[in-house]
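There are 2 protein chains.
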Amino acid sequence: MVGNVIVGQSGGPTSVINSSLAGVFKTAKDRGVKKVYGMRHGIKGLLDRQFVDLSEKLSSDMDIDLLKRTPSSYLGSCRYKLPEIGEDKETYDKIFAILDELDVKFFFYIGGNDSMDTIKKLSDYGLIIGSDIKFMGVPKTIDNDLAVTDHTPGFGSAAKYIAATMKEIIRDGLVYDYPTVTIVEIMGRNAGWLTAAAALARGEDCEGVDLIYLPEKVFDIDHFVDKVKELYANGRSMVIAISEGIKVLDGRYVFELSDHVEFVDAFGHKQLAGSAKFLANKIAAEIGVKTRAIELSSLQRCAAHMTSRTDITEAYNVGGAAVKAAFEGESGKVVVLKRISDDPYMCITETHDVHQIANIEKKVPLEWITEDDFVTDDLIHYIRPLIQAELSPIMVDGLPRHLNVDK
Amino acid sequence: MVGNVIVGQSGGPTSVINSSLAGVFKTAKDRGVKKVYGMRHGIKGLLDRQFVDLSEKLSSDMDIDLLKRTPSSYLGSCRYKLPEIGEDKETYDKIFAILDELDVKFFFYIGGNDSMDTIKKLSDYGLIIGSDIKFMGVPKTIDNDLAVTDHTPGFGSAAKYIAATMKEIIRDGLVYDYPTVTIVEIMGRNAGWLTAAAALARGEDCEGVDLIYLPEKVFDIDHFVDKVKELYANGRSMVIAISEGIKVLDGRYVFELSDHVEFVDAFGHKQLAGSAKFLANKIAAEIGVKTRAIELSSLQRCAAHMTSRTDITEAYNVGGAAVKAAFEGESGKVVVLKRISDDPYMCITETHDVHQIANIEKKVPLEWITEDDFVTDDLIHYIRPLIQAELSPIMVDGLPRHLNVDK
Numbered sequence: 086m087v088g089n090v091i092v093g094q095s096g097g098p099t100s101v102i103n104s105s106l107a108g109v110f111k112t113a114k115d116r117g118v119k120k121v122y123g124m125r126h127g128i129k130g131l132l133d134r135q136f137v138d139l140s141e142k143l144s145s146d147m148d149i150d151l152l153k154r155t156p157s158s159y160l161g162s163c164r165y166k167l168p169e170i171g172e173d174k175e176t177y178d179k180i181f182a183i184l185d186e187l188d189v190k191f192f193f194y195i196g197g198n199d200s201m202d203t204i205k206k207l208s209d210y211g212l213i214i215g216s217d218i219k220f221m222g223v224p225k226t227i228d229n230d231l232a233v234t235d236h237t238p239g240f241g242s243a244a245k246y247i248a249a250t251m252k253e254i255i256r257d258g259l260v261y262d263y264p265t266v267t268i269v270e271i272m273g274r275n276a277g278w279l280t281a282a283a284a285l286a287r288g289e290d291c292e293g294v295d296l297i298y299l300p301e302k303v304f305d306i307d308h309f310v311d312k313v314k315e316l317y318a319n320g321r322s323m324v325i326a327i328s329e330g331i332k333v334l335d336g337r338y339v340f341e342l343s344d345h346v347e348f349v350d351a352f353g354h355k356q357l358a359g360s361a362k363f364l365a366n367k368i369a370a371e372i373g374v375k376t377r378a379i380e381l382s383s384l385q386r387c388a389a390h391m392t393s394r395t396d397i398t399e400a401y402n403v404g405g406a407a408v409k410a411a412f413e414g415e416s417g418k419v420v421v422l423k424r425i426s427d428d429p430y431m432c433i434t435e436t437h438d439v440h441q442i443a444n445i446e447k448k449v450p451l452e453w454i455t456e457d458d459f460v461t462d463d464l465i466h467y468i469r470p471l472i473q474a475e476l477s478p479i480m481v482d483g484l485p486r487h488l489n490v491d492k
Numbered sequence: 086m087v088g089n090v091i092v093g094q095s096g097g098p099t100s101v102i103n104s105s106l107a108g109v110f111k112t113a114k115d116r117g118v119k120k121v122y123g124m125r126h127g128i129k130g131l132l133d134r135q136f137v138d139l140s141e142k143l144s145s146d147m148d149i150d151l152l153k154r155t156p157s158s159y160l161g162s163c164r165y166k167l168p169e170i171g172e173d174k175e176t177y178d179k180i181f182a183i184l185d186e187l188d189v190k191f192f193f194y195i196g197g198n199d200s201m202d203t204i205k206k207l208s209d210y211g212l213i214i215g216s217d218i219k220f221m222g223v224p225k226t227i228d229n230d231l232a233v234t235d236h237t238p239g240f241g242s243a244a245k246y247i248a249a250t251m252k253e254i255i256r257d258g259l260v261y262d263y264p265t266v267t268i269v270e271i272m273g274r275n276a277g278w279l280t281a282a283a284a285l286a287r288g289e290d291c292e293g294v295d296l297i298y299l300p301e302k303v304f305d306i307d308h309f310v311d312k313v314k315e316l317y318a319n320g321r322s323m324v325i326a327i328s329e330g331i332k333v334l335d336g337r338y339v340f341e342l343s344d345h346v347e348f349v350d351a352f353g354h355k356q357l358a359g360s361a362k363f364l365a366n367k368i369a370a371e372i373g374v375k376t377r378a379i380e381l382s383s384l385q386r387c388a389a390h391m392t393s394r395t396d397i398t399e400a401y402n403v404g405g406a407a408v409k410a411a412f413e414g415e416s417g418k419v420v421v422l423k424r425i426s427d428d429p430y431m432c433i434t435e436t437h438d439v440h441q442i443a444n445i446e447k448k449v450p451l452e453w454i455t456e457d458d459f460v461t462d463d464l465i466h467y468i469r470p471l472i473q474a475e476l477s478p479i480m481v482d483g484l485p486r487h488l489n490v491d492k
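Chains A and B supply the protein sequences, listed in that same order.
Each residue of the first sequence is one higher than the last, beginning at 86 in my numbering.
Each residue of the second sequence is one higher than the last, beginning at 86 in my numbering.
Bear in mind the hints are in silico, worked out from the structure with no lab data behind them.
Keep in mind that a hint or two might mislead.
It does not matter which identical chain is meant; a pair holds if it fits inside one copy or across any two.
Here are the simulated DSBU-like pairs of lysine-lysine, each with C-alpha atoms no more than 30 Å apart in a straight line [said to hold, decoys possible]:
1. 190 <-> 302
2. 332 <-> 375
3. 448 <-> 375
4. 314 <-> 119
5. 142 <-> 448
6. 332 <-> 142
7. 367 <-> 332
8. 142 <-> 367
Just so we're clear, the structure is a prediction, and the values are computed from it rather than from any experiment.
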């Protein structure tokens, strides 16, 4: 194989993003590539000449298996958007110079829709300057908000973690003989896929979540209080799932309705936190019932001890498929998952033009959200296959073992 | 065996309290007891004549195995303190009448130090009226704050969950190439055992937690800010573990220093929440660094998918040992764990007078907390054996299966 490979990870981490890295690395090595470089901290790190020789880091099959079980981005991540090509050619020339210097002919970037923008711009620039480097996007995001693909690697494991912990929170929340209200806040700023996964908790052995609120629908606080009052009148303890991104009619996030200090992070993003707490206080004040607010927080994207084997395998496969496609000459593409059968569940990989994927958000269709504040069976059937089966952690001295690029 | 058995669960749930229930049930049935009753919602439910025949509910070996893997209290719980004997004989007479009616000769109560008060009072009253019913306490609490016993069933699994998730949070928190501060709030109102378990994350594959703050020591905010500044000056991302119960010199909880609304729950307990958030805001304001606050919340006590096999086994054993002791005539006692060897770790059960255990809190010794805001190796060595080995969840359709008394 002529030329080397470089691979980077970008955006928010997931539990299985390293499985895609393993898929890229192993597939490239198996096809005789001499060097597989890893960018440290994505394209931003590469601009600072931060990279590692992955063959030195991943020297045994055990390393590959540990990598698959390591949460967060093994190579480090960044949140960095390349400038528009017309505005800053210098940055692009610098990147291509570094790639040439490393004799890189194949460039893989594992990330969400922001990161696919990097693949789009680099492959566009490559065409302009007549470069023969192939650029391929490898999808990941717990949010499942990428266009074209049936679902994104990372979503299934986050959904499994959410459904499994909701079952546990429900057991915990229903333990007393007086009614309580537990409100659980789940990630997803604009898309409700993860919050919808809470619906999977319901089953033969579990009462399930009572109400689910996604950001795709305007959140009506009075209606919400009425629904809780209705259940409370039946003497019921209840568990409610809300998305961190739910907004009221005037466009404000629910947490913005409180008099708490409002935070803006280093990137100018409003820090979403406290919608569950705000609603728990509201319910406690209006109904006089004991309430509790739980934020599932970053464990949703890093609980590698509770991953979906289906997800891990698909994450590996999209990495491998990206390498295969690039080696066959494709560029400026993203590997996507196409569900070819529901029963039994079967998914294959395809490649798709990055221009139709980058910067586009896929939301939960409104027809999958019910009038009684839940989600449809169609939505549950869509998610269910994605959480199937497990990949047991490798436990050492009582704790899951990870792979650490710095150790 | 003459007479029936009754067993109840009380106080905050744990991941392994049902393993103790399994130990009581199985040991009693194996010794030929005709009926094993389960109180619904502890002694409070019993007073309302709420109980089940456990033989009907637990009819197969599979049920026992599912019970061991079910978080929270299978029979339901209560937070109810019996009146002083001198003040209200009526309540006691009612309880003993119900027990007589059910032909109960052996009474087991699984709980923490508040629940052991119930065993103390019932056995005292039994002596006064000359009852031949045997009363035994079975210890549980994630807080590990029970006197006399080396540790409490429930603590090891919570410690394992905390250490495992801290490892994941650390991988997630160190992913970017700029410094961030993650502050994780851990349960434990007065005792810092659980927060100390965060120290176990450090190892060959993990940078570990940087700073640990337990409630046993006065929390000095200026000192804290200085410590964070010091680490930040080295360009370090950091992860910090704090107990929900840390207090400043004047006795206020850290979260009480904020201008947030203060909550008091139905029992007059102040709702502890927000110390991590308060400190994260403080650090963000003073240093200008990106911060994140995480509350591990109730998953610490209900994450049955990540239990310690050592803990599950010991929880089962204290249940069994309570039955054995009661059948041999003991009463007014609590089963305790005695560590007879550290290397290899070995623990046996003993029984101990309930009067020396009820209502007493065991805290982390100050000599196990270091000057540089961490814990000693002695404390780590004390906890390490308690998190060893696993009991895999039984996964059905992608999720851990539980046993549900109402289904």
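Evaluation of the provided hints:
Taking the shortest Cα distances, residue 190 and residue 302 never come within 30 Å of each other, neither inside one copy (45 Å) nor across copies (58 Å). With identical chains, the CA atoms of residue 332 and residue 375 are at most 30 Å apart both within one copy (24 Å) and between copies (25 Å). Taking the shortest alpha-carbon separations for residue 448 and residue 375, only the inter-copy value of 29 Å comes in at or below 30 Å, while the best intra-copy value is 34 Å. In this assembly of identical chains, the alpha carbons of residue 314 and residue 119 never lie at most 30 Å apart, being 65 Å within a copy and 44 Å across copies at closest.
Proximity of residue 142 to residue 448 under the C-alpha cut-off of 30 Å is found in neither arrangement, the shortest distances being 38 Å within a copy and 44 Å between copies. For the identical chains of this complex, residue 332 and residue 142 are neighbours neither inside a copy (45 Å) nor across copies (45 Å), given an alpha-carbon limit of 30 Å. Within a single copy, residue 367 and residue 332 get their C-alpha atoms as close as 16 Å, and across copies as close as 27 Å, so both meet the 30 Å cut-off. Taking identical chains as interchangeable, the C-alpha atoms of residue 142 and residue 367 are never at most 30 Å apart, the minima being 52 Å within one chain and 39 Å between chains.
Checked against the numbered hints given earlier, the structure breaks hints 1, 4, 5, 6, 8 and satisfies all the rest.
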